[in-house]
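Protein chains: 2
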Amino acid sequence: MQTINRQWLLKHRPRAMVREQDFEYREAPLPQADLAAGELLVRNLLLSFDPAIRGWLDDVPSYLPPVAIGAPVRAGAVAQVVQSENAQYPVGTLVQGLFGWQDYAVINRAGDMPPNIVPPGVPLELLLGALGGSSLTAYFGLLDIGQPQAGETVVVSGAAGAVGSVVAQIAKIKGCKVIGIAGGAEKCAWLKNDCGLDEAIDYKSENIEQRLGELCPGGLDVFFDNVGGATLEAAIEHIAEHGRIVLCGAISGYNEGEAQPGPRNLMNLVVRRVRMEGFVMIDFMDRIPEAAGELSQWVFGGRIQYRNDIQEGFENIPKTFLRLFTGANQGKQMLRLAEPE
Amino acid sequence: MQTINRQWLLKHRPRAMVREQDFEYREAPLPQADLAAGELLVRNLLLSFDPAIRGWLDDVPSYLPPVAIGAPVRAGAVAQVVQSENAQYPVGTLVQGLFGWQDYAVINRAGDMPPNIVPPGVPLELLLGALGGSSLTAYFGLLDIGQPQAGETVVVSGAAGAVGSVVAQIAKIKGCKVIGIAGGAEKCAWLKNDCGLDEAIDYKSENIEQRLGELCPGGLDVFFDNVGGATLEAAIEHIAEHGRIVLCGAISGYNEGEAQPGPRNLMNLVVRRVRMEGFVMIDFMDRIPEAAGELSQWVFGGRIQYRNDIQEGFENIPKTFLRLFTGANQGKQMLRLAEPE
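Residue numbers (the numbering used here), protein chains in the order written: chain A, 1 to 341; chain B, 1001 to 1341.
Source of the hints: derived by calculation from the structure; they are not laboratory data.
Predicted model only: the values in this text are computed from it and were never measured.
Check the hints yourself; a few may be wrong.
Part of the chain B face toward chain A, derived, beta carbon under 7 Å [claimed, not checked]:
1) Ser1062
2) Pro1066
3) Val1270
Idealized CB from N, CA, C, for every residue including glycine.
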């Protein structure tokens, strides 16, 4: 076992586009001697990279406190218990939680949420990927907030991403006509050929607003938005009467130095009687078993396709995070730190 | 009985601020000889002026077709049947409907909604005012879309208007803390002293965003918006977790030549899990008896205060409409054309 704990800390808050220089590498002493009763020392095996992390770097009130300057960046991970003062979590147990950009984390201190014990036999990349938080986000956001009905038209932005691709495929399972918006011919081909979407719009080469008009003559019944900005405005232009807009994220604006203007056509929400609603997965924690059960059936039954983009090397953590914002990631972005023992 | 029908027609569609020159006066022959079986000729007694009319003048798809160039402007009215080919509506009956800017209207042609018969004994100005469409809009928008709970903080923009003032007072009846946003000290004083609001913000002399922060330390649980633009952005800045934004209108943008940018802070809807929903009263037609019954109790019981701004003179119709957009109206804007016979 190592005696140092490698960490990537938040050095200063990004002003606009997040850069590698916003993070600082540190080797801290391993805190194993300090464990109090009930606490655990876990070793991170696999890190999850999510656009939401970008929001946590800003000093604004949110559903979780901002990452402190000089603290390891908060991130989801699968880890293994290497030292335990808690009989519920014996050494060797695989757990999942927000363990951050570091090799080791001490958890279960007062105020921490107790980490989830990982079900045996499931590949770790599935736990962070197709069965992980992004898929749970897709599940609750689409079904609870979007409430799609069979035969309706569902449009998803960021459709090749970890959340969007699962949203689109659940909508297909529910009998909807589904159109994805993604960047590049390769992603669009994957959505149509592998994921079974009815259509895909390549925002890098096509006019989203015009294409939505052509592909959705009856309007969008549900728009699931991961992108915001001009994409959201284009969708509102074609939203159907009594349509629903699920606000999951707005990645187009996360790295802008100044807040960007919102859609100019919000009056459409009035005259077409549209509901636009934001959500965060943490409000659905008590229903995770239900969602995980259904997602497992769909994933293992081959009804949900997914791609994992797994990088390696502790030194590459900030660089890997940046892939989310350039669109370089091909599917769920992860980074492997170690294999379980 | 006259032999001509005075009308105000839409001359051309307003480009930006609506002007008197956008309308044209005409004297048409009275169509009394033309009545087919089932039809009525009604004489308008009292006209209702509502911001929604401005939307109907634009050539955009909406919940009602645009007013045609050269047609009388669509507007709500109370009228009296002066000729009848329909036994359900004998001559003398008082009816309510969208009879437009004219002395006389032929109604109940195929496709028209049958006009509502007015309950006897109710002052006509109450039918268009405190018991009229604007109050029904307030009722359904606040209670069904906003869903305020006792003890919550409700903020209303356009609070001294026909819709806003009723929203604010229903919220008080439901046990909420209520803050109104209105233009000018006189309107704010009326809201606090007569309508019983907890606070009023004068947008002409105060910074809305700053005042909302001071007056709503726990955030806005419900924001009922008649104004849009910067007012909406200020409210989103202080919206509470799980808050609800009721989009009723956006009068600040109705007379802009170009669509104005929307709120820059829509990400607040995500991180605070906020629902923003537009509505139009026509979706609640089947529940009007329930709402009218409750509103009557509140109005006649003195629990809802109201002000009527009743102009006179057929020639003043366009001018009276413009009062809505300068804020000159003191309460519900109407214009009296005749007394019932």
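Hints, one by one, checked against the model:
With 7 Å as the threshold, the beta carbon of Ser1062/B comes within range of chain A, its nearest partner Cβ sitting at about 4 Å, so the hint holds. At a threshold of 7 Å, the smallest CB-CB gap from Pro1066/B to chain A is about 11 Å, leaving the interface hint violated. The criterion of a C-beta within 7 Å of any C-beta in chain A is met by Val1270/B, whose closest approach is roughly 4 Å, and the hint holds.
Taken one by one, the earlier hints fail for this structure only at number 2.
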